[in-house]
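**Student:** Okay, here's what each chain looks like letter by letter:
Number of protein chains: 2
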Amino acid sequence: MKTSLGAVTLAFPLPAFLVGSYDANGRANIMTAAWGGIASSDPPCLSVSIRPSRWSYAAILANRAFTVSIPDSRLAAAADYAGLVSGRDHDKFAQAGLTAVRAEKVNAPYVGESPVAIECELYKTLDLGAHTLFVGRIVDVKAEEGLIKSGGGLDMAGVDPIVFNSGGDYHRVGESVGQAFAIGKSFKSPK
Amino acid sequence: MKTSLGAVTLAFPLPAFLVGSYDANGRANIMTAAWGGIASSDPPCLSVSIRPSRWSYAAILANRAFTVSIPDSRLAAAADYAGLVSGRDHDKFAQAGLTAVRAEKVNAPYVGESPVAIECELYKTLDLGAHTLFVGRIVDVKAEEGLIKSGGGLDMAGVDPIVFNSGGDYHRVGESVGQAFAIGKSFKSPK
Chain C
1 MKTSLGAVTL AFPLPAFLVG SYDANGRANI MTAAWGGIAS SDPPCLSVSI
51 RPSRWSYAAI LANRAFTVSI PDSRLAAAAD YAGLVSGRDH DKFAQAGLTA
101 VRAEKVNAPY VGESPVAIEC ELYKTLDLGA HTLFVGRIVD VKAEEGLIKS
151 GGGLDMAGVD PIVFNSGGDY HRVGESVGQA FAIGKSFKSP K
Chain B
1 MKTSLGAVTL AFPLPAFLVG SYDANGRANI MTAAWGGIAS SDPPCLSVSI
51 RPSRWSYAAI LANRAFTVSI PDSRLAAAAD YAGLVSGRDH DKFAQAGLTA
101 VRAEKVNAPY VGESPVAIEC ELYKTLDLGA HTLFVGRIVD VKAEEGLIKS
151 GGGLDMAGVD PIVFNSGGDY HRVGESVGQA FAIGKSFKSP K
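For the protein sequence lines, the chains are C and B, in the order given.
Just so you know, we're using the numbering used here here: the first sequence kicks off at 1 and counts up by one.
Just so you know, we're using the numbering used here here: the second sequence kicks off at 1 and counts up by one.
Looking at chain C on its own, in the form it has when it is part of the complex:
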């Protein structure tokens, strides 16, 4: 039996993206964003939703660039910290003991300690009210060498990403429950 929760912003799973940008002073900054994901295949796009009040907002518009670093479970506290304070008055990289690495193809920094970093050029924006959706064109994805599987893609256990539970806690990703584009074939013929 289902109960109505009203018009709340819940979905599962949500990520904990670390969105990197350089501010007007050239200082590397990150913010945590649980509201974002891949948005298109051609051009390859990623979206993140950001409030205009955030320090990263003007920075991304000015540089037309941002990165998304994927924190692993060891970086959960650092990722949480990056959502608690503002880059306006905090050097989050220094304070959280993270390394700001200048992206290769866009004018933005990523988190050196993250297993995966995504470099984006700002492609489109969409005003949604409280948040603006920033759509980035993905120009490169970088991953730690050992995580790349022979058949392509990345090893999920190796990436060890964190999943955000709205209003709750962060979780690791657990065991595999089946191969994509494969386990559903059992339903293809009528029973």
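Simulated from the structure, these hints should not be mistaken for laboratory data.
One thing to keep in mind: the hints can contain errors.
Since the list gives no way to pick one copy over another, a pair counts as held whenever it fits inside one copy or between any two copies.
As the list claims (entries may be wrong) - Subject to a maximum C-alpha distance of 27 Å in a straight line, what follows is the list of computed DSS-like cross-link-like pairs (lysine-lysine):
id, residue 1, residue 2
1, Lys105, Lys2
2, Lys124, Lys185
3, Lys105, Lys149
4, Lys185, Lys149
5, Lys149, Lys2
6, Lys185, Lys105
7, Lys105, Lys124
8, Lys2, Lys188
9, Lys124, Lys149
10, Lys188, Lys105
For chain C, the structure is supplied; the task is to place chain B on it using the hints.
**Tutor:** Just chain B now, with coordinates in the frame of chain C:
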């Protein structure tokens, strides 16, 4: 040491949303979407990216409504199936043994067996090239009663959502690694 993978559509974690709509014949349909998430707080919005060739595309535009059902790990094969065939020539609900429940507030069906269902009115669209971003205004979220935590939010282990690994497999969500808006406080004062 990081290696470049090029401009690929990878991010972690990605969801496996089941997007529900009624087609022009009034038949309930679902499609699987790994590219989507929460997009704004006010109005509460959710986005999913859909190719114009998909059967759901015209259906959502015609009804200005869709739902997102969150599959749990027992529904992984059904979720995979919904991404393998088209509603143009398959009754996916029947074939996967799922129950199409008419949403209460919008003209779209959701998956009765899903622990969580999100009812959306189409709010905005954004053409991104190969995919169009559909932004829905969340009008209600329904969850199985036993999953609602006393402090608000839902019990992650109870929801048991699946995480999609691009080009790979589906995973369950694992153990908690800390409380959000809490574990990062350790970095707030200089060491």
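**Student:** Reference check for the pair Lys2 and Lys188, CA-CA at most 27 Å: within, between, both, or neither?
**Tutor:** Close neither inside one copy (29 Å) nor across copies (40 Å); limit 27 Å.
**Student:** Between Lys105 and Lys149, at a C-alpha cutoff of 27 Å, which is it: within one copy, between copies, both, or neither?
**Tutor:** within (24 Å within a copy, 44 Å between copies)
**Student:** Check Lys185 against Lys149 for me: Cα-Cα at most 27 Å, and say if that holds within a copy, between copies, both or neither.
**Tutor:** Classified as within: same-chain Cα gap 24 Å, cross-chain 36 Å, threshold 27 Å.
**Student:** When no copy is named, should Lys124 and Lys185 be tagged within, between, both, or neither for a Cα gap of at most 27 Å?
**Tutor:** Neither: 37 Å inside a copy, 34 Å across copies.
**Student:** Classify it for me, Lys149 with Lys2: is the Cα-Cα distance of at most 27 Å met within a copy, between copies, both or neither?
**Tutor:** So Lys149 and Lys2 pass the 27 Å test across copies only (14 Å; inside, 40 Å).
**Student:** I want to check one pair: Lys105 and Lys124. Are their C-alpha atoms no more than 27 Å apart within a copy, between two copies, both, or neither?
**Tutor:** Within one copy only: 18 Å inside, 31 Å across.
**Student:** Using 27 Å as the alpha carbon limit, work out where Lys105 and Lys2 are close: within a copy, between copies, both or neither.
**Tutor:** between (48 Å within a copy, 14 Å between copies)
**Student:** When no copy is named, should Lys188 and Lys105 be tagged within, between, both, or neither for a Cα gap of at most 27 Å?
**Tutor:** For Lys188 and Lys105, the Cα distance exceeds 27 Å both inside one copy (43 Å) and across copies (32 Å).
**Student:** At most 27 Å between alpha carbons: which applies to Lys124 and Lys149, within, between, both or neither?
**Tutor:** neither (32 Å within a copy, 38 Å between copies)
**Student:** Is the C-alpha distance from Lys185 to Lys105 at most 27 Å within one copy, between copies, in both cases, or in neither?
**Tutor:** neither (40 Å within a copy, 33 Å between copies)
Of the numbered hints stated above, those contradicted by the structure are hints 2, 6, 8, 9, 10, listed in ascending order.
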